[in-house]
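2 protein chains.
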Amino acid sequence: MDDDRAPRRGRISRRALLAGAPAAGIAAGIGGLALARTRGSSTPPATAGAATVPFHGEHQAGIATPPQAHLQLAAFDLTTARREDVIALLRAWSLAAARMCAGDGAADPLDPAVAPADSGEALGLPPARLTLTFGFGAGLFARDGADRYGLTAARPAPLVDLPPFATDDLEPARGGGDLCVQACADDPQVAFHGVRNLARSAGTTAMLRWSQAGFLAARAGDEPLTPRNLLGFKDGTNNIDATDPAAMRDAVWAGDESPAWMRGGSYLVARRIRLRIEQWDRDPLADQEARIGRRKASGAPLTGAAEHDAPDLDAVTDGAPVIPSDAHIRLAGMSANAGARILRRSYSFADGVDALGRLDAGLMFLCYQRDPRFGFIPVQERLAAHDALNHYISHTGSAVFACPPGAADGGWVGSTLFGA
Amino acid sequence: MDDDRAPRRGRISRRALLAGAPAAGIAAGIGGLALARTRGSSTPPATAGAATVPFHGEHQAGIATPPQAHLQLAAFDLTTARREDVIALLRAWSLAAARMCAGDGAADPLDPAVAPADSGEALGLPPARLTLTFGFGAGLFARDGADRYGLTAARPAPLVDLPPFATDDLEPARGGGDLCVQACADDPQVAFHGVRNLARSAGTTAMLRWSQAGFLAARAGDEPLTPRNLLGFKDGTNNIDATDPAAMRDAVWAGDESPAWMRGGSYLVARRIRLRIEQWDRDPLADQEARIGRRKASGAPLTGAAEHDAPDLDAVTDGAPVIPSDAHIRLAGMSANAGARILRRSYSFADGVDALGRLDAGLMFLCYQRDPRFGFIPVQERLAAHDALNHYISHTGSAVFACPPGAADGGWVGSTLFGA
Numbered sequence: 203m204d205d206d207r208a209p210r211r212g213r214i215s216r217r218a219l220l221a222g223a224p225a226a227g228i229a230a231g232i233g234g235l236a237l238a239r240t241r242g243s244s245t246p247p248a249t250a251g252a253a254t255v256p257f258h259g260e261h262q263a264g265i266a267t268p269p270q271a272h273l274q275l276a277a278f279d280l281t282t283a284r285r286e287d288v289i290a291l292l293r294a295w296s297l298a299a300a301r302m303c304a305g306d307g308a309a310d311p312l313d314p315a316v317a318p319a320d321s322g323e324a325l326g327l328p329p330a331r332l333t334l335t336f337g338f339g340a341g342l343f344a345r346d347g348a349d350r351y352g353l354t355a356a357r358p359a360p361l362v363d364l365p366p367f368a369t370d371d372l373e374p375a376r377g378g379g380d381l382c383v384q385a386c387a388d389d390p391q392v393a394f395h396g397v398r399n400l401a402r403s404a405g406t407t408a409m410l411r412w413s414q415a416g417f418l419a420a421r422a423g424d425e426p427l428t429p430r431n432l433l434g435f436k437d438g439t440n441n442i443d444a445t446d447p448a449a450m451r452d453a454v455w456a457g458d459e460s461p462a463w464m465r466g467g468s469y470l471v472a473r474r475i476r477l478r479i480e481q482w483d484r485d486p487l488a489d490q491e492a493r494i495g496r497r498k499a500s501g502a503p504l505t506g507a508a509e510h511d512a513p514d515l516d517a518v519t520d521g522a523p524v525i526p527s528d529a530h531i532r533l534a535g536m537s538a539n540a541g542a543r544i545l546r547r548s549y550s551f552a553d554g555v556d557a558l559g560r561l562d563a564g565l566m567f568l569c570y571q572r573d574p575r576f577g578f579i580p581v582q583e584r585l586a587a588h589d590a591l592n593h594y595i596s597h598t599g600s601a602v603f604a605c606p607p608g609a610a611d612g613g614w615v616g617s618t619l620f621g622a
Numbered sequence: 203m204d205d206d207r208a209p210r211r212g213r214i215s216r217r218a219l220l221a222g223a224p225a226a227g228i229a230a231g232i233g234g235l236a237l238a239r240t241r242g243s244s245t246p247p248a249t250a251g252a253a254t255v256p257f258h259g260e261h262q263a264g265i266a267t268p269p270q271a272h273l274q275l276a277a278f279d280l281t282t283a284r285r286e287d288v289i290a291l292l293r294a295w296s297l298a299a300a301r302m303c304a305g306d307g308a309a310d311p312l313d314p315a316v317a318p319a320d321s322g323e324a325l326g327l328p329p330a331r332l333t334l335t336f337g338f339g340a341g342l343f344a345r346d347g348a349d350r351y352g353l354t355a356a357r358p359a360p361l362v363d364l365p366p367f368a369t370d371d372l373e374p375a376r377g378g379g380d381l382c383v384q385a386c387a388d389d390p391q392v393a394f395h396g397v398r399n400l401a402r403s404a405g406t407t408a409m410l411r412w413s414q415a416g417f418l419a420a421r422a423g424d425e426p427l428t429p430r431n432l433l434g435f436k437d438g439t440n441n442i443d444a445t446d447p448a449a450m451r452d453a454v455w456a457g458d459e460s461p462a463w464m465r466g467g468s469y470l471v472a473r474r475i476r477l478r479i480e481q482w483d484r485d486p487l488a489d490q491e492a493r494i495g496r497r498k499a500s501g502a503p504l505t506g507a508a509e510h511d512a513p514d515l516d517a518v519t520d521g522a523p524v525i526p527s528d529a530h531i532r533l534a535g536m537s538a539n540a541g542a543r544i545l546r547r548s549y550s551f552a553d554g555v556d557a558l559g560r561l562d563a564g565l566m567f568l569c570y571q572r573d574p575r576f577g578f579i580p581v582q583e584r585l586a587a588h589d590a591l592n593h594y595i596s597h598t599g600s601a602v603f604a605c606p607p608g609a610a611d612g613g614w615v616g617s618t619l620f621g622a
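Line by line, the protein sequences give chains H and U.
Start counting the first sequence at 203; every next residue gets the next number (the numbering used here).
Start counting the second sequence at 203; every next residue gets the next number (the numbering used here).
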């Protein structure tokens, strides 16, 4: 659109980041592909999206990180029989992830005679707070009873298979997986680029099983706001405060019930929840609010006036509870679940239209917890049995992953498990 | 995440935009749903996304508008036999679209005893430059030979059915449609909200046929940049300058070959182009650049040094053209196509993984033109026959729509056709 055909070499050279080997190959018709996305700018502008989240650290990034605007979640099936291949893959993933999270390409440029080491669609884009979070599914520890990689004894007790729930309408192609990568960024192309380049480096060791994109409107300009899901309601008002170390230690980071290699990690439960958009949109406002337990516009509990007022679950009017007995916030809340808490990190999705002309849209529900047996599972058992929202939702995908602790500079995620 | 449970009424009341009928219904457990998204703020911040694009005007917005970051394109099948219903739908769509593009809800709030007039997920979000652009498919003018709405004589000559192309691998569920809505916004939730609420107001008059989301990284902070597609190459370098009235008049806005009701409108060709990501990522850099005709990093033509250098199609080296005879930019460019030009407005898409573990991703190619017979069709015939990219792409969806001119304040898009 900005079709300025006059050469703008000064701007181009800064933006296109054509670096290294000056003129080498240019005359021969072959340009060197520089992979630094943001480095090398002589006068970097104060760019939206310039912020980075370090890949290395005590915990993996992307769990306590304030949610970015876009998700690309991917699960992989391991296709190798060799433990060394898995180790090599995880090493390569950490190396590439650290580079991409810093705003660089997945790998150094290679000879023009071979395939580019980075697919290139994020060249020139800012890091956009990219995080790449790795997880291990049950299949890493055993598949069909076989201890493929000598890891069965190391399987964490909290890494359980989820029980069936009444709201399940699961599609196998949307769940499971031996490994997962959660890519989050404030730019969808940066998130996609992360998954694509890790998938590529998986080679013949692992293949993509499923991937789900999602979005989240969590900011209005510079102001954070509680995002709304596609029910139109604020979602996450009563979430765990990820900046509170005590709350995170109690509810999110793996504890004594996990093996040592998982300490500092967390368990991800991912559920693709399709919303029956068209039916919901015909439900009267008062009924929608009763099913949730909150006002649609303000997010206030039915017993309060402002979003962050604590719900009064005991309040009654005309002999009936103000917040109905089957309201979502009553059943999902701590008090109904013996204190079980999970850190929600969900994204909305919009995957087109089904064969009946209905939007295939909803919530990619993601939550992190210390132990799914005392986190997601009891909460979801209660919701599946009683939640007034159940008429409007179905769970179409499901997966659980043990996300190990972070790695120190130069280390790799998974080394605590493999003992390297 | 910002789990501040203390009441913050000052902030909440400004952000939640709970307006109108103070306390009415609150005591009764029913809150009024205010639909103004950005109005009513007592101290509006200088918010990213606050800019609006007017719905009304000589031309429909969303054609010459600088591309927003997100697309939600939707096509509908008309399910009514009555012309009056189509008119009523188009009137309602224009009314709702003008409101949503201004940052308001789709309609005024209604009684809490009935379904909310707006689905609500964009409450509190800025307008995000939302545009909603309407188009008419061939089926509006005749279906199976039947002149359903008395419009067959008004069908524009340029609204042709596309011929088959060698690159076609079309899925009927991803193409066609009697009506279309192109929603573009800098926030994907705002774009989705637009389509969802128009689909809802279609009632029994029309039903969704398909919808495609897309994204575009066209800015690094405040600086516009030529976006990269998922081939990793800059895409749109040599596009029409949409701010040049002469170029737009020549190539984009409907002219004398169109009926009077289309003057000021344009024809949209939409093609879902899946990329063979995994194969492309194994192609050597030099070969990728030869197939495109440009450098991957800089976007410069193989005969130049900077992105906006004009390609030298006559340059030869060792007796062979520097820009190969089957290079994409040679075949797609004006000089190969007797001057045919189209205004491209494409978005990338990422729709998960197919049954073989391959990313289902690519380019939702959108282009606007004065007459597809002298725009997209000859260009695509040439590309389908010779383009060196063909090994890496397939066209999985296809549609053509006549997008009428814009409407004046208070008017509705389509009134020029229906003579109202």
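Among the hints, a few may not be true.
Part of the chain H face toward chain U, derived, beta carbon under 7 Å [to be verified]: (1) Ala-253; (2) Gly-405; (3) Met-409; (4) Asp-485; (5) Asp-556; (6) Gly-559.
If you are wondering where the hints come from, they were derived from the structure by calculation, not from laboratory data.
Quick reminder that beta carbons are idealized off the backbone N, C-alpha and C, glycines included.
Now the hints, each set against the structure:
1. Proximity of Ala-253(H) to chain U is violated relative to the hint, the smallest CB-CB distance being about 11 Å (cut-off 7 Å).
2. Residue-level restraint check for Gly-405(H) is violated (minimum Cβ-Cβ distance to chain U is 11 Å; threshold 7 Å).
3. The beta carbon of Met-409(H) is positioned within 7 Å of a beta carbon in chain U (closest approach about 4 Å), and the interface hint is therefore held.
4. At its closest, the beta carbon of Asp-485(H) sits 6 Å from a beta carbon of chain U; the interface hint therefore holds under the 7 Å criterion.
5. For Asp-556(H), the interface hint is violated, since its Cβ never comes within 7 Å of a Cβ in chain U; the closest pair sits about 9 Å apart.
6. Interface hint status for Gly-559(H): upheld, as the beta-carbon distance to the closest one in chain U is roughly 4 Å, under 7 Å.
The structure fails to meet hints 1, 2, 5 from the earlier list, while all remaining hints are met.
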